[in-house]
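Work out the full structure, taking the sequences as your base and the hints as a guide.
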Amino acid sequence: MSKNVEFVVQVIAKSVLENEAYFSELDGVVGDGDFGYSIARGFEKVLQEWDNMDHTMPGTFLKNVSSAIVSSVGGVSGSIWGTSFLRAGMSLETKEEITRSDVVLLFRAAIEGIKKRGATDLGDKTLLDALSPAVDQLEKSFNEGKDTAVALDEAAVVARESAEATRPMIAKKGRAAYTGERSIGTLDAGAVAMAVLFEAVAKAWKE
Amino acid sequence: MSKNVEFVVQVIAKSVLENEAYFSELDGVVGDGDFGYSIARGFEKVLQEWDNMDHTMPGTFLKNVSSAIVSSVGGVSGSIWGTSFLRAGMSLETKEEITRSDVVLLFRAAIEGIKKRGATDLGDKTLLDALSPAVDQLEKSFNEGKDTAVALDEAAVVARESAEATRPMIAKKGRAAYTGERSIGTLDAGAVAMAVLFEAVAKAWKE
Amino acid sequence: MKKFVNDPKDFVPEMLKGIALANPKTLKYVPAYNLIMRVDIPIQDKVSIMQGSGSGHEPAHVMAVGKGMLDAACPGNVFAAPPADYVYQTTKLVASKKGVLHLLNNYTGDTMSFETGREMAEADGIKVRTVTINDDVAVKDSTWTVGRRGVAGNFFVMKAVGAAGERGRSLEELEALGNRVVSVTRTMGMALTGCTPPAKGTPIFTLPEDEMEMGIGIHGEPGRKRIKMAPANEIVDELLEAVASDLPYKSGDEVAVMVNGMGGTPISELYLLYGYVHEQIVKRGMKIKRNYVGEYCTSLEMAGFSLTLVKLDPELEDLLAAPAEIAIRVF
Amino acid sequence: MKKFVNDPKDFVPEMLKGIALANPKTLKYVPAYNLIMRVDIPIQDKVSIMQGSGSGHEPAHVMAVGKGMLDAACPGNVFAAPPADYVYQTTKLVASKKGVLHLLNNYTGDTMSFETGREMAEADGIKVRTVTINDDVAVKDSTWTVGRRGVAGNFFVMKAVGAAGERGRSLEELEALGNRVVSVTRTMGMALTGCTPPAKGTPIFTLPEDEMEMGIGIHGEPGRKRIKMAPANEIVDELLEAVASDLPYKSGDEVAVMVNGMGGTPISELYLLYGYVHEQIVKRGMKIKRNYVGEYCTSLEMAGFSLTLVKLDPELEDLLAAPAEIAIRVF
Ligand SMILES: Nc1ncnc2c1ncn2[C@@H]1O[C@H](COP(=O)(O)OP(=O)(O)O)[C@@H](O)[C@H]1O
Ligand SMILES: Nc1ncnc2c1ncn2[C@@H]1O[C@H](COP(=O)(O)OP(=O)(O)O)[C@@H](O)[C@H]1O
Ligand SMILES: [Mg+2]
Ligand SMILES: [Mg+2]
Ligand SMILES: [Mg+2]
Ligand SMILES: [Mg+2]
Numbered sequence: 031m032s033k034n035v036e037f038v039v040q041v042i043a044k045s046v047l048e049n050e051a052y053f054s055e056l057d058g059v060v061g062d063g064d065f066g067y068s069i070a071r072g073f074e075k076v077l078q079e080w081d082n083m084d085h086t087m088p089g090t091f092l093k094n095v096s097s098a099i100v101s102s103v104g105g106v107s108g109s110i111w112g113t114s115f116l117r118a119g120m121s122l123e124t125k126e127e128i129t130r131s132d133v134v135l136l137f138r139a140a141i142e143g144i145k146k147r148g149a150t151d152l153g154d155k156t157l158l159d160a161l162s163p164a165v166d167q168l169e170k171s172f173n174e175g176k177d178t179a180v181a182l183d184e185a186a187v188v189a190r191e192s193a194e195a196t197r198p199m200i201a202k203k204g205r206a207a208y209t210g211e212r213s214i215g216t217l218d219a220g221a222v223a224m225a226v227l228f229e230a231v232a233k234a235w236k237e
Numbered sequence: 031m032s033k034n035v036e037f038v039v040q041v042i043a044k045s046v047l048e049n050e051a052y053f054s055e056l057d058g059v060v061g062d063g064d065f066g067y068s069i070a071r072g073f074e075k076v077l078q079e080w081d082n083m084d085h086t087m088p089g090t091f092l093k094n095v096s097s098a099i100v101s102s103v104g105g106v107s108g109s110i111w112g113t114s115f116l117r118a119g120m121s122l123e124t125k126e127e128i129t130r131s132d133v134v135l136l137f138r139a140a141i142e143g144i145k146k147r148g149a150t151d152l153g154d155k156t157l158l159d160a161l162s163p164a165v166d167q168l169e170k171s172f173n174e175g176k177d178t179a180v181a182l183d184e185a186a187v188v189a190r191e192s193a194e195a196t197r198p199m200i201a202k203k204g205r206a207a208y209t210g211e212r213s214i215g216t217l218d219a220g221a222v223a224m225a226v227l228f229e230a231v232a233k234a235w236k237e
Numbered sequence: 005m006k007k008f009v010n011d012p013k014d015f016v017p018e019m020l021k022g023i024a025l026a027n028p029k030t031l032k033y034v035p036a037y038n039l040i041m042r043v044d045i046p047i048q049d050k051v052s053i054m055q056g057s058g059s060g061h062e063p064a065h066v067m068a069v070g071k072g073m074l075d076a077a078c079p080g081n082v083f084a085a086p087p088a089d090y091v092y093q094t095t096k097l098v099a100s101k102k103g104v105l106h107l108l109n110n111y112t113g114d115t116m117s118f119e120t121g122r123e124m125a126e127a128d129g130i131k132v133r134t135v136t137i138n139d140d141v142a143v144k145d146s147t148w149t150v151g152r153r154g155v156a157g158n159f160f161v162m163k164a165v166g167a168a169g170e171r172g173r174s175l176e177e178l179e180a181l182g183n184r185v186v187s188v189t190r191t192m193g194m195a196l197t198g199c200t201p202p203a204k205g206t207p208i209f210t211l212p213e214d215e216m217e218m219g220i221g222i223h224g225e226p227g228r229k230r231i232k233m234a235p236a237n238e239i240v241d242e243l244l245e246a247v248a249s250d251l252p253y254k255s256g257d258e259v260a261v262m263v264n265g266m267g268g269t270p271i272s273e274l275y276l277l278y279g280y281v282h283e284q285i286v287k288r289g290m291k292i293k294r295n296y297v298g299e300y301c302t303s304l305e306m307a308g309f310s311l312t313l314v315k316l317d318p319e320l321e322d323l324l325a326a327p328a329e330i331a332i333r334v335f
Numbered sequence: 005m006k007k008f009v010n011d012p013k014d015f016v017p018e019m020l021k022g023i024a025l026a027n028p029k030t031l032k033y034v035p036a037y038n039l040i041m042r043v044d045i046p047i048q049d050k051v052s053i054m055q056g057s058g059s060g061h062e063p064a065h066v067m068a069v070g071k072g073m074l075d076a077a078c079p080g081n082v083f084a085a086p087p088a089d090y091v092y093q094t095t096k097l098v099a100s101k102k103g104v105l106h107l108l109n110n111y112t113g114d115t116m117s118f119e120t121g122r123e124m125a126e127a128d129g130i131k132v133r134t135v136t137i138n139d140d141v142a143v144k145d146s147t148w149t150v151g152r153r154g155v156a157g158n159f160f161v162m163k164a165v166g167a168a169g170e171r172g173r174s175l176e177e178l179e180a181l182g183n184r185v186v187s188v189t190r191t192m193g194m195a196l197t198g199c200t201p202p203a204k205g206t207p208i209f210t211l212p213e214d215e216m217e218m219g220i221g222i223h224g225e226p227g228r229k230r231i232k233m234a235p236a237n238e239i240v241d242e243l244l245e246a247v248a249s250d251l252p253y254k255s256g257d258e259v260a261v262m263v264n265g266m267g268g269t270p271i272s273e274l275y276l277l278y279g280y281v282h283e284q285i286v287k288r289g290m291k292i293k294r295n296y297v298g299e300y301c302t303s304l305e306m307a308g309f310s311l312t313l314v315k316l317d318p319e320l321e322d323l324l325a326a327p328a329e330i331a332i333r334v335f
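Taken in sequence, the protein lines are chains A, B, C and D. For what it's worth, my numbering labels the leading residue of the first sequence as 31, then goes sequentially. For what it's worth, my numbering labels the leading residue of the second sequence as 31, then goes sequentially. For what it's worth, my numbering labels the leading residue of the third sequence as 5, then goes sequentially. For what it's worth, my numbering labels the leading residue of the fourth sequence as 5, then goes sequentially.
One thing to keep in mind: the hints can contain errors.
Every beta carbon over 10 Å from chain B, so not counted as near; a handful from chain D, in silico [stated by the list, open to error]:
(1) Lys-29
(2) Tyr-33
(3) Val-82
(4) Ala-84
(5) Asp-89
(6) Ser-117
(7) Lys-131
(8) Arg-153
(9) Lys-204
(10) Glu-215
(11) Pro-235
(12) Ile-292
(13) Asn-295
(14) Pro-318
(15) Glu-329
(16) Arg-333
Here are the simulated lysine to aspartate or glutamate pairs, EDC-like style, with alpha carbons at most 20 Å apart [unchecked claim]:
(17) Lys-6/C <-> Asp-241/D
(18) Lys-6/C <-> Glu-258/D
(19) Lys-293/D <-> Glu-329/C
(20) Lys-146/A <-> Glu-329/C
Quick caveat, the hints were computed from the structure, so don't treat them as lab data. All C-beta atoms in this analysis are idealised placements derived from N, C-alpha and C, irrespective of residue type, glycine included.
Below, the structure is given as structure tokens:
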């Protein structure tokens, strides 16, 4: 199962690099247009450092991913994404193999980390608004005994719906918050990124 | 006849102000786009000062026009147009009434002044290339005994033809000269201005 | 994109290299952490002062490093706060016995990086204090927002704290001074055009030929409202009213005034604006003791300006008048 | 037109008013002749130094007035030389027993106005000498052209002559010094965009998104050739080759280097350019004794830059290093 963690991080990294321009464009509408560039530099670093990372335990591996991001990405994304991978890694402790429930716990830990680091919660029009419901769906599908490919598909659908649902929201965090009312009617860049990444992982899993 | 001099200056002033934008546009092609603005400010001043000018003798009147221009227009146009009116005025000495031949002499004096002040001659792609042939035609028409309205019309036609003829020339004076070869194929702003002014005077004369 | 740039990824490093090469006797560039620092730092009996922020605001902050102002600046990429790791590494490099003062503009990204960087440095036993600058009156400071932004007013904090630092003040004194400057400084900016981050290659936002953006941030974040173009004096009236009524600045106050260009507005226009700003401030009965006309905190090549007022007292005025040897200079 | 302007006709006067209001202790604005002068001029035992030119090149020349540089500047409208009458009146106002030095950039319009203005002043018994600046290598100095243009290199003439003037040099000595500076100064500029004179309201010329203009003048006159956009370093290579090979500047020469912004290019890009300029000049074996990165002679809001080299000798270096109190300043 540890290989799967590396596989998913690989898919995320590739997809972030493919969508760099698109993510920045989304952030440009009411933000400052650097979201794609910022995280792309982070996952570039992740791929560069790949071979120097500790691949024995998924937990330490995820912590290494976090360090690569924190040392290369500035601002909100550096802290938010760095925290997510750090907390996810910590939640796995020293396990060498991980289960489906570990995966859910790992996501829950990341979400808690984001809430704390970002002093934010659901409804603030951030990536949380797509990530959190998607993880709920993933857990639900797992509990219903669906196999992983199907569960990932269902989570991806929810992630996309939830990302679209950020449109009517008013941004309460990040640069977009400065535009107040004017953020209404726009999609949150981070939330859309979550949808894109869940979809990418679901697709790759099948292949 | 002295009233006629004032009438012509009035027509020139009005027409310069009407064509300010157009003249600047022409100067913008290979020059710096300020020709219209510059002379417009000059003739604005002429109209402002109008009542303070000495209207007893056409010669002193034209010298007053020159001062108004020199004190309000900078650069090439200030010097060139200022010199023209100064020399024209001087050529009339203290005459109270002027004849057709005085008019020709007046233009010749202005042309000489421009050549000297501008260290230039025909073929350098300046206003001279329209003014000089137009004055030749005016003299010719006068000598053929045509009446003034007709003579002005004929001069205006030549002025226009000559202005068009500056297109193939390479600019040897003024800012346009810096573009060298690239001035070929463009009209000289000053030359076109001459055509416009001759046409305006010819038209006004008839009314 | 019409910019002087090679590989957009190298935009910031190549700029920093240029700054160091232009000031070999006074400044040093440390590529590993993207930072510019004084060659003679740390000075053990002086507090070290550093600021970090996104790039694209030059001369803020990398060109404000030098004796009498910042001891170091650690910029992130264009409009992106520096990674927490850079903040930590820079803090370690400049740390003196008297401690390190962090200056930062109030943006979520910068706050997060500096909080983390400070924690890491304190874990190494380095004394750190933080002054957060939030002079922008365009943002209403309501409970749900992230608070006011730090904009051009940061210059006055850097200058005052920098001068006091040279005079050997303690870390706590500098922290208090910095917060005092923030408390008497207010700014509002506006834009005539957007701007293009080199790595993005396209404008962050575009304004129609006949519209302008009031209450703009320094990252091209759209501002308060978009309105039709207006004569210079009317624009000044609106900004001045917003700024002056905020503190408020009252008749009799002694003030410093800054007309700050956003990067693409020529100095001729800035002085045209200053002429009317000066008259209006005098009309309001204030005494202008110091004025600043030029570029202090920009948004790349954006056309626009911001207006800053600082309420002065004798100490503050004296600190602002003190010399400083920084990269932006005329000779 | 996206500019801070009220009535375009008032653009220059309102800018000059702003300069005077920002520098009340040192500068005076005389509306009648559109001029900015030092309040303490004439000083009878000092030659008075003045420059005139079109406006739109700020800080040149009205913001270069002050102790140690110009004693007065009489600008014309944007991109139009001052009327001869302004030159005459300004000369009369600043005239001291030691005489008046006229500095001007070599453009037909300026030459005409200054010739006439000088004749009128000399008729009043004022001693006048003239230094004509023509540092632009973009214009080939062939017999039929009007000669090379004066561009950003004029800064070095103003600075050196200004410093020498404060040291009591005679009019003839200053004329000789000015010509000597011109003889060792070379510049070439380029543009990424055109610019819009306020009174015209539309750009003098426009460049396609993927093209740039090499060998541009400071009035938006189109330059030598239009070519495709290129990386910053390649642009520097072309300008440096043109400039360095002109004098020529040789290995071992001690030089001053200026990277001058055209008005719309942010300082971040200018320092990026300087970094590579510096490396290339060092590669050519020259010693960089002084560098200047910023805006010295602009074309309104044009995006672009010019590169200037000055061959130094100890006297010249010392004069450039001397202090000057002018409107463009950081504090
Ligand atoms: N306080 C926060 N907590 C969690 N996520 C946030 C917060 N602020 C912004 N975000 C997310 O980060 C995205 C913007 O990232 P980025 O552009 O890198 O930040 P910035 O440019 O504001 O530093 C937003 O789309 C949003 O999803
Ligand atoms: N040396 C010269 N002698 C006579 N006329 C000239 C000379 N140089 C330019 N001109 C005329 O002046 C016109 C440009 O005037 P203007 O734009 O005011 O000058 P500038 O902007 O170059 O100072 C040109 O179109 C040309 O007809
Ligand atoms: Mg962003
Ligand atoms: Mg012109
Ligand atoms: Mg950002
Ligand atoms: Mg002109």
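Each hint, compared with the structure:
For Lys-29/D, the requirement that its beta carbon stay farther than 10 Å from each beta carbon of chain B is met, with the minimum near 30 Å. In this structure Tyr-33/D is separated from chain B by more than 10 Å, as the shortest Cβ-Cβ distance comes to about 18 Å. At the 10 Å boundary, the C-beta of Val-82/D falls inside the reach of chain B, the nearest C-beta of that chain being 7 Å off. Chain B draws Ala-84/D into its interface by the beta-carbon criterion, the shortest separation being 4 Å against a cut-off of 10 Å.
For Asp-89/D, the requirement that its beta carbon stay farther than 10 Å from each beta carbon of chain B is not met, with the minimum near 4 Å. Against the 10 Å criterion, Ser-117/D falls within the reach of chain B, whose nearest CB is about 6 Å from its own CB. Chain B leaves Lys-131/D outside its interface by the beta-carbon criterion, the shortest separation being 23 Å against a cut-off of 10 Å. With a least CB separation of 7 Å from chain B, Arg-153/D falls inside the 10 Å interface cut-off, contrary to its annotation.
Not every Cβ of chain B is farther than 10 Å from the Cβ of Lys-204/D; the closest lies at roughly 5 Å, contradicting the non-interface assignment. Non-interface status of Glu-215/D relative to chain B is upheld: no Cβ of that chain comes within 10 Å, the nearest being about 14 Å off. The beta carbon of Pro-235/D sits about 26 Å from the closest Cβ of chain B, which is more than 10 Å, so the claim that it is off the interface holds. The non-interface label for Ile-292/D is consistent with chain B: the shortest C-beta to C-beta separation is roughly 30 Å, beyond 10 Å.
Against the 10 Å criterion, Asn-295/D stays outside the reach of chain B, whose nearest CB is about 28 Å from its own CB. Every Cβ of chain B is farther than 10 Å from the Cβ of Pro-318/D; the closest lies at roughly 36 Å, confirming the non-interface assignment. At the 10 Å boundary, the C-beta of Glu-329/D stays outside the reach of chain B, the nearest C-beta of that chain being 28 Å off. Every CB of chain B is more than 10 Å from the CB of Arg-333/D (nearest about 28 Å), matching its label as outside the interface.
With a C-alpha separation of about 18 Å, the suggested pairing of Lys-6/C with Asp-241/D holds against the 20 Å cut-off. For the suggested pair Lys-6/C and Glu-258/D, the alpha carbons sit about 33 Å apart, so the restraint of at most 20 Å is broken. With a C-alpha separation of about 18 Å, the suggested pairing of Lys-293/D with Glu-329/C holds against the 20 Å cut-off. Straight-line distance between C-alpha atoms of Lys-146/A and Glu-329/C comes to about 41 Å, which puts the hinted pair past the 20 Å bound.
The structure fails hints 3, 4, 5, 6, 8, 9, 18 and 20 (numbered hints given earlier, in ascending order).
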